[in-house]
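Undergrad: Spelled out, the chains give:
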Amino acid sequence: MPDSPPDIPREYTPQAETEGPLLRVCNLTKHFELREPGLFGRVTGTVQAVTDVSFEIHRGETFAIVGESGCGKSTLAKTIATIYPADFGEVWFSGNRLADISTGDLKSTRRRVQMIFQDPFGSLNPRMTAAEIIAEPLVIHAMGDKVEQRQRTREVAEAVGLDTGDLNRYPHQFSGGQRQRIAIARAIAPKPKLVIADEPLSALDVSIQSQILNLMVALQHRENLTYFFISHDLAAVRHVAGRVAVMYLGRIVEMADTEALFADARHPYTQALIAALPEIGHGKKRRAAAPAGDVPSPLAPPPGCPFHPRCPKAQDLCRVERPELATVKKARKGHLAACHFSDPEKPQE
Amino acid sequence: MTNPSPATGIQLPDQPGPVLSVRDLQVVFDTETGPVTVVDHLSFDLHAGKTLGMVGESGSGKSVSALALMGLIPPPGRVCGGTAMFDGQDLLHATPRELQSVRGARIAMIFQEPMTALNPVFSIGDQIAEMFHIHQSLSKHEAWGQAVAAIERVGIPDPKVRAEAYPHQLSGGMRQRAMIAMALACHPDVLIADEATTALDTTVQAQILDLILDLQAAEGMAILFISHNLAVVSEVADDVLVIYAGRTAETAPAESFFEDPLHPYSQGLLATLPSADLRGKPLPTIPGMVPGPHETITGCRFKPRCTVAEDRCAANVPPLQSVSGDRHVACIKAGNRSHAG
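Taken in sequence, the protein lines are chains A and B.
Oh and the first sequence: position 10 is 10 in the numbering used here, straight run, nothing missing.
Oh and the second sequence: position 148 is 148 in the numbering used here, straight run, nothing missing.
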């Protein structure tokens, strides 16, 4: 295992460890084996959930991953949060490689990485009061005494807009939006550095989504947070993220500053996602044909470029050779795409 | 669709009136603390070849109204008023047997989650064939052939093979196509789509919306498209009905609605959507949340969240009044604004 981070394909200036990126993910791979039932069941297939994913998240920024269901974005989040062990590749958090951290110290790293989940119904323990839920990470990580824990609980409850008089109630007594506020309060209570938000808006009503989005932005400034925002909702991602990576079948296919991505998407899949985004003002008329077919099974990703069976621009080259994620020519700095034809002016080789 | 119904003896006019006409639909749920009104005087018309987009948040009563039309309200709930005229027959007062001949065959419904609407132990071909078997009394063999044709019509590749597949063997998009195939099997006059694309991915959602629009163009059915997603509704609807806490807030042709929403709730809903112009700025929000069914609010139910509310808004339930042409709004202030402008 190398001791310094391996090169990853993006323009990166090395800095002192404390000033470098908060999170570095290098060649991260997570596959799941499917087995026949029984103790000695034969392996029948491998779900290639996350393959060779590399990126960095800088301190204070909001980095988003977008992709459709099954693209591996939630597996990526859970692998980074050390819920799943990685098969291959490395995760560096604040200059330390997670694999080097002893079990005891891993707990403190976990404190600094917190998660918010999609479903505020399933992610809160129904037998605990809101106050107990919010205080639980403080108890687990032994942060302060009882009085300090109670104080911090009230403080974050107020910060997320909960009525502190309601804290002795149980999750089912709150609305979906209020429950997501409890989940956010729990996540920020132990003063994390990185908050991984996995589809935090999807289960909420429209009028509540904007409230939670505003809350997350306000908390980012107040608590000095870095966000890793995972979503299928491009409109929400465009609103909050500074940089966006697009995932397809377990791999990042494009990564760029948010504005560059929306104005100048170079991967046909990203272009299709943006075109498929429903928008007001077009009337009852579809404007572009959606890409045909479904996302192929991650059990058997297509050879060559994983998007080629659905890609309107696919050529013979795309069917045999998988394009690497590489810097896009004539684009803004840090714009990467995994497409043989990401440079529109370059004719086929 | 304007066949005279011999059972009722009512002769419908030949000019294309509404296919389904709902007036003052009222649904209550009997709870321990007394009856709770969840749908209050809801009225709308569905026209052949046209789509009415019904927009509302969870708990607004939009799904319950759809279930009421189908006679499928679960027990503590009951329809306690109104009419729903379909082909000379009032669906709200029809017998279960009468409803059965309409439901599925002439008024079909598709749901958000096809996995729960499809039967996991029968192949999709069997489930679609059952429609033909029951409603058109076809033989098993003929019904299967029709089912394969129906599967082909919704763009599922390799229909003969896929007809043998069980729901869990299909992707989410394919399952939704299978459910649409089942819903459209008997060429219904009315299709009710309740959050039909909500669980789907963006690119698959675009495919399914395209499919629904194509099938409507080909078959001319009326669609009631229920969704919380205004952007999706803007791409499929000819008319829009905004429902809030069981009451209609606004109805309008889609184009004028999205250009100039009149009800403060509609305005708020449209303003909260993230757009390119608002990037990085705080989004406008609607304060508070949808009132629970138990909360008694006198007058306008949106008043506690409304930024332009006045004391007089609490006095009476604002009636749904015509403001201009085919636009109606249930807000005393919006009416004034329109007259002034």
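Since the hints were made in silico from the structure, they are not lab data.
Take these hints with a grain of salt, some might be off.
Here chain A is said to cover these stretches of chain B; the calculated rule only asks that three of the stretch's residues, wherever they fall, bring their Cβ under 8 Å from a Cβ of chain A [as the list claims (entries may be wrong)]:
no. : region
1   : 35-42
2   : 79-90
3   : 103-109
4   : 135-147
5   : 167-181
6   : 242-249
7   : 306-317
Each computed DSSO-like pair below joins lysine-lysine, with the alpha-carbon atoms no more than 27 Å apart [to be verified]:
no. : chain 1 : residue 1 : chain 2 : residue 2
8   : B       : K50       : A       : K193
9   : B       : K281      : A       : K333
10  : A       : K284      : B       : K50
11  : A       : K78       : A       : K107
12  : A       : K191      : B       : K281
13  : A       : K193      : A       : K330
Glycine included, every Cβ here is placed at the ideal spot set by N, Cα and C.
Undergrad: Hint by hint, which ones does this structure get wrong, listed from lowest number up?
TA: As far as the earlier hints go, 1, 2, 3, 4, 6, 7, 8 and 13 are violated by this structure, in ascending order.
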